[in-house]
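> Sequence:
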Amino acid sequence: MVNKILKPTILISIVTIFSRLIGYLRDIIIAFFTGTSSLSDLVFITLKIFSFVNVLFGYNQISPPLVRVYTKFKNYKKEENNFINFSFSFFIFSSLFIFIIVSFVYFFSDVIIQYSFQTLDDELSQLYSTNLRIIIICCPIIFMESILIAILRTKYIFVPVSFLPIIINFVLIFFLLISDKFFNNYLQFTSFALVIATILQLIFLTFFIKFRIKFLNFKKIKFKKEIFETYKALILSVGLGVLLLLTNVYAMIVSSAVEGNISYIYYSNRIYYIVIDIFGASLGYVVLTRITELIKQKETIQINHLKKMAYLYIIYTAIPFSIGLYIFSDLLIQLLFQRGNFDEISTYNTSIVLKSYLYGIPALAYCLFMNSLYMANSKYVKLFYITFIYFILCIFLIRILFNEYGVSHIGYSLSISAWVYAFLLSYFSKDQIICMFDFDMILNLFKTFIYSIGSLSIVFGISKILEISSLKEFVLCILIAIIIYFIFLFIFEKQNLSNLKRLFN
9 MVNKILKPTI LISIVTIFSR LIGYLRDIII AFFTGTSSLS DLVFITLKIF
59 SFVNVLFGYN QISPPLVRVY TKFKNYKKEE NNFINFSFSF FIFSSLFIFI
109 IVSFVYFFSD VIIQYSFQTL DDELSQLYST NLRIIIICCP IIFMESILIA
159 ILRTKYIFVP VSFLPIIINF VLIFFLLISD KFFNNYLQFT SFALVIATIL
209 QLIFLTFFIK FRIKFLNFKK IKFKKEIFET YKALILSVGL GVLLLLTNVY
259 AMIVSSAVEG NISYIYYSNR IYYIVIDIFG ASLGYVVLTR ITELIKQKET
309 IQINHLKKMA YLYIIYTAIP FSIGLYIFSD LLIQLLFQRG NFDEISTYNT
359 SIVLKSYLYG IPALAYCLFM NSLYMANSKY VKLFYITFIY FILCIFLIRI
409 LFNEYGVSHI GYSLSISAWV YAFLLSYFSK DQIICMFDFD MILNLFKTFI
459 YSIGSLSIVF GISKILEISS LKEFVLCILI AIIIYFIFLF IFEKQNLSNL
509 KRLFN
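Under my numbering, the first residue of the sequence shown is numbered 9, with each subsequent residue one higher.
If you're looking for bench data, these hints aren't it; they were derived computationally from the structure. Be aware that a few hints might be false.
List of simulated lysine to aspartate or glutamate pairs, DMTMM-like, C-alpha gap at most 25 Å [stated by the list, open to error]:
# : residue 1 : residue 2
1 : K363      : D338
2 : K163      : E237
3 : K163      : E307
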């Protein structure tokens, strides 16, 4: 049987790595021109505003409820017509809500920016407001993308979505280079680049749908039961995404009074989230569709096997990578960003912030996977309440740790909260079809931590002796660490590795 989970997960992870490399190239260009200053803060806040639009209308929040509806349409007669008619009706009814939001933000952008960033001067505040008005145009485009992605997920076509960030990064790089050369202030063109990128993303996705173009009958537009149920799930799903995003946004806002703090947090998150996206988010993205089908078919045995192997996949990857990033954080930031206006002080401050974040990588990667399991099982309300607890704890700890220790300790607040979040998601899954609460999970977590520390300590010792100074030497050390780590797994975890070979067949 063709592997429906592991193969697309690995492909998405590979493309995600490539996308991140291009993203780092984009950040290197930004770092070269702006360093860590109020100018770089402006660029990153513009990107964060775009991220917030994606939370409200993007596929991570919009497509999971739609996948459940489209799964019901599968194997029905006239499957294609069901997809098209439902999608068109859903978009028409949603357009009114989108129009209200876009109009409100467009006309009150100045007030929104002034309220959110009270320490900005008038010139920067006006520039933030202009970027916000331009970015809000992306809302209906991103919403259409989310619908298309939901259809693709239902058909087990996962990989195209991982190319979407690549499109954005290429367009941003092009605009940054061209604007800096031909215009006095290139920062105001970031939002224009994002609008163009979203249009290109929509065109890219339409090539994979393979639906026949038809003239839609507006008389068939009806507010059906499926649409009502989807909206109920969407409210919670979007709320969930907003809470997760606001934790980092709040950290930026709290520290924004000191020039460069936003940039330190941004650069740290760029490295921090690569492991989470590759090994947690990508797996959860693929698993949601498969779990939804298994729940519909009541395949309890397959569900239990899938969840166990998925957990092993996460800890076997996220833990060693997070420890490796912690050990080599200073060197990695230096090799990636230290050039132009990004000096040694920027490298030092960014590495301190990054280390405080890295403690929570395994927990948050696991949480993103668990979110998909809760959504597949239609436990949106419970998931929202648990995430709200995580959000409140994050805000509370960010405020305390920042006031006491400054920006260097902000990451600890998210790390502590992530482990609490992981525990709550596991504990409250006990009464569900997908239970992720047993002693073996803790034992496997502890053993993987030991294997990772052992392999990376050896390589860290070698790196100190050889005094690594180039990216090529750094990559070589990481490859040696991976080989040693897998030797440990082959010796002590042979049975689990054997099961992972047959992952989710």
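> Against which earlier hints does the structure fall short, listed by number upward?
When the structure is compared with the hints, none of them turns out to be violated.
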